[in-house]
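Quick note, the sequences are listed as chains D and E, same order.
Residue numbering for the first sequence follows the working numbering, beginning at 6 and increasing consecutively.
Residue numbering for the second sequence follows the working numbering, beginning at 329 and increasing consecutively.
Simulated from the structure, these hints should not be mistaken for lab results.
Computed from a prediction, not measured in an experiment: that's the story for all the values here.
It cannot be assumed that every hint is accurate.
Each pair of labels, with its calculated beta carbon distance range [what the hints assert, rightly or not]: (1) D:N62 / E:K680: 30 to 38 Å; (2) E:K1005 / D:S45: 52 to 60 Å; (3) D:S45 / E:E801: 23 to 31 Å; (4) E:K679 / D:A13: 53 to 61 Å; (5) E:E695 / D:G39: 52 to 60 Å.
With a straight-line cut-off of 20 Å between C-alpha atoms, the simulated SDA-like cross-links for lysine to any residue are [what the hints assert, rightly or not]: (6) E:K770 / D:E35; (7) E:K679 / E:E620; (8) E:K806 / E:G858; (9) E:K770 / D:S45; (10) E:K617 / D:D44; (11) E:K770 / D:L30; (12) E:K762 / D:I41; (13) E:K770 / D:F37; (14) E:K770 / D:G39; (15) E:K762 / D:L23; (16) D:K68 / E:H521; (17) D:K14 / E:A835; (18) E:K770 / D:E28; (19) E:K831 / D:E50; (20) E:K762 / D:E21; (21) E:K770 / D:A34; (22) E:K831 / D:F59; (23) E:K770 / D:G42; (24) E:K762 / D:E28; (25) E:K831 / D:N22.
Cβ-to-Cβ under 7 Å is the rule here; a few derived chain E residues that face chain D [unchecked claim]: (26) G772; (27) R775; (28) F839.
In this text, a Cβ means the ideal position worked out from N, Cα and C, and glycines have one as well.
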Amino acid sequence: MNKEEVAAKIKDMLVENLRIPEELLEDDAELFGGEIGLDSVDSLEIISGIDDMFGVNMTGVAKENFRDINALTNYVMENAEA
Amino acid sequence: MKKRCVITGLGIVCPVGNNLEESWNSIVNGKTGLAKVTSVNPEGCYADLGGEVFCDSLPAPEYDRSARLCIKAAEEAIHDSGLTAEEKSRAGVIVGSCIGGAVSIDEYMTAQKDGKEDDRRIPNMAASSIANHTAAYLNLNGVTANIVNACAAGTMSIAYACDLIRSGEGDLFLAGGTDPFSSLAFAGFHALHALSEECCSPFNHSHGITLGEGSGILVVEEYEHAVARGARIYAEVAGYGVNSDAYHITAPDPSGQGQMDVIRRALASAGVKPSDISYVNAHGTGTPKNDEAEFLSLHTIFDGTDVSISSTKSMTGHCLGAAGAVEAVFTVKAVSENILPPTIGYTEEDKKALPEKAGDLDFVVNESREKEISLAMSNSFAFGGTNASIIFSKDKHEMPETEKDKVYITGFGKILSDASAAEENVAGITLEMKDFTERGVKLGIFRKLDKFGQLQLVSGIDAFKSAGITVTEENERKIGTIIGTSAGPVTEVSNFQKNIVDKGCTAGSAFTFPNTVYNAAGGHFSIFTGTKGYCATVANGTQAGLQSIAYACDVLGKGDEDIMLASGTDEGSDMVTYFYRHSGINGSRVLGEGSSTVVLETARSAEGRQVHKYAEIAGYAMTHSAGANSYSETDALEAAVRKALANAGMEAGQIDRIYAVTNNHEQGDREREALAKLFPGKTVSDSRDKTGDCRAASANALAIEAAQAIDASEIGSAVAVSYGCGSYTAIVLKK
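When you get a sec, could you build the whole thing from the sequences and use the hints?
Now the structure itself:
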């Protein structure tokens, strides 16, 4: 899976599971601040979604990896088993 | 309002015992009921402990486990209280529950997965069925309600039973809570990482909760009634309080403000000081967030007093909607036997570390102790931000009297489906982000709402606007909400459960779980508006939309609040559609959805704000029929109307118009006949032809229509009446 495909899947998950309007989800839109404003419960849902889709466990991973879709995508690309 | 409420009977089934004697012995001896769970499959989960009830003699296998546990505890409480069959038949049932019929939903979906349709489970799925089934099984014909405010529900039910006694709506209630062990709660708390790997360790390791199950039922009785029949009195209800954090849908306010406020409310309603309290049965779940906030609250209120504190959840686990009731049973026993129950699980090392957190407060560690206890408190803090606190007294204790003011409707809001737009006899409402943006709701809140919460927020905000209410620091504690519902957040519950049935307990959604509790809609509303007063959700069939008005009037009568919103809200869902189609209970009527809210305000507050008054709530009454021929549902309908008229000081002949939501099957014919006989020649208005059957929302909207007609001087007075789950609520409105 290439980077674009991973990012697209993460975006779909955020729209579907966290009811974030798609038009707000630029790849560099800050997820936990600003307009989107996710909280700790949402982060649990993201961890579970990433684990389901890519088999990557993000439990306890540093906050900056959750900053935006780009950061999540990079973390998945670096940690997914090929 | 001067009536005194006493506890004359106790019944319990919980992880530490199948009856009162067994359970209390376990508590006194510090015995745990926690072990590896057997009723759900924890495969793949990081935690696998729970407190389960193993009882071969649970009655009524046709009902959901929540009702079966409740009936078991209620039978014991009735026996313990020495009630005759005749006395018992007049008792009401007020039951708290968090998850309602989650076990039935699980069983239904599991059977469906195997290609079987088990329709018998469907009527057991909604929390509305618990009190109704308990009343039917035991032939109880007093006022019923299911209070569905998550983990505070058990405590609130006892408090509400006292409100009903004090306002003259009954002398005798079986009040408490019930919840079964369920995959829904297990997977939900697992997803939130709120389960503890070890046995929960409240005020100690605080690594999370261990779930429990069970039911606690107390016989709450008017003092003179108890004395007249020579009943043994365990304790007296000295005071209680209920409020809302308005902070977060799952987490407690870390400042402990809401918790402290509710404790102070209970103390004030009892007219006592913190130093008068000998024992506190704490909420003490063992999550880091709860324990931290609760330590802070307890220190702030009780430092410098001789109070002793423990969490019996260390033995029973967290029994959710039953927790407050199970703990009330233990607190009443503590008062009547002068024994302090312990918090178990402290090692020698833990004991050494305790003073750092406990300070001078006396935490009862590992072993029970004797102590003269005259007043004891039990606290419950719930999802949705609902808090409840109750105080039991050994001695005679009259609650300070409050003066009852007139109550007016000063605003309303409603959003109901349009029957003419129905497809296949189902009409729905589609709400978009813009509907919320224009009401000032930001994405952060909108995103979290399920349909049930969306509908409630819209009608509530519109009602606030219509009544010209602005929430400020001065009035935030004086405004509360009662929401009535028939089926609650069915869609969210179904979706959550379906995932677990398909993929196991690891597949619970942390995002969805908070909305599976019935009071989430009330919690979201309170968070958005910042209202911190009384907050309750009642599940009790269609008529819950009117019962919420009667409930809200009783809350206003207690004097803590000036303004109460009373709503009726029900959403459509595939499950509801399926049920209505297969059971045929809706006849040919369109099934709708919606939410309706009226603003109720004391005369003093309305006049102070110089706000428009649409109509006065002149009287109200609630009744219930357990279904026996000697007192049929039609009899209960007539009784509700007659009592409401008597409470309003009016005759049937003085009523100009009737607004009624009646049954859609043959019972509806009997109901309309009864109304025609009570009010000969009067119009009976029912707008469900236009909106579809929006259940609790349709019932609540009756009050709005009546108030508007009165305000427009079309009529001078009206009766609004609705059915649901064997219960009826009638409201008399006048100019």
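Check your understanding: Among all the numbered hints in the text so far, which are the ones the structure does not match?
Key -> Nothing - there is no hint that the structure violates, so all of them hold.
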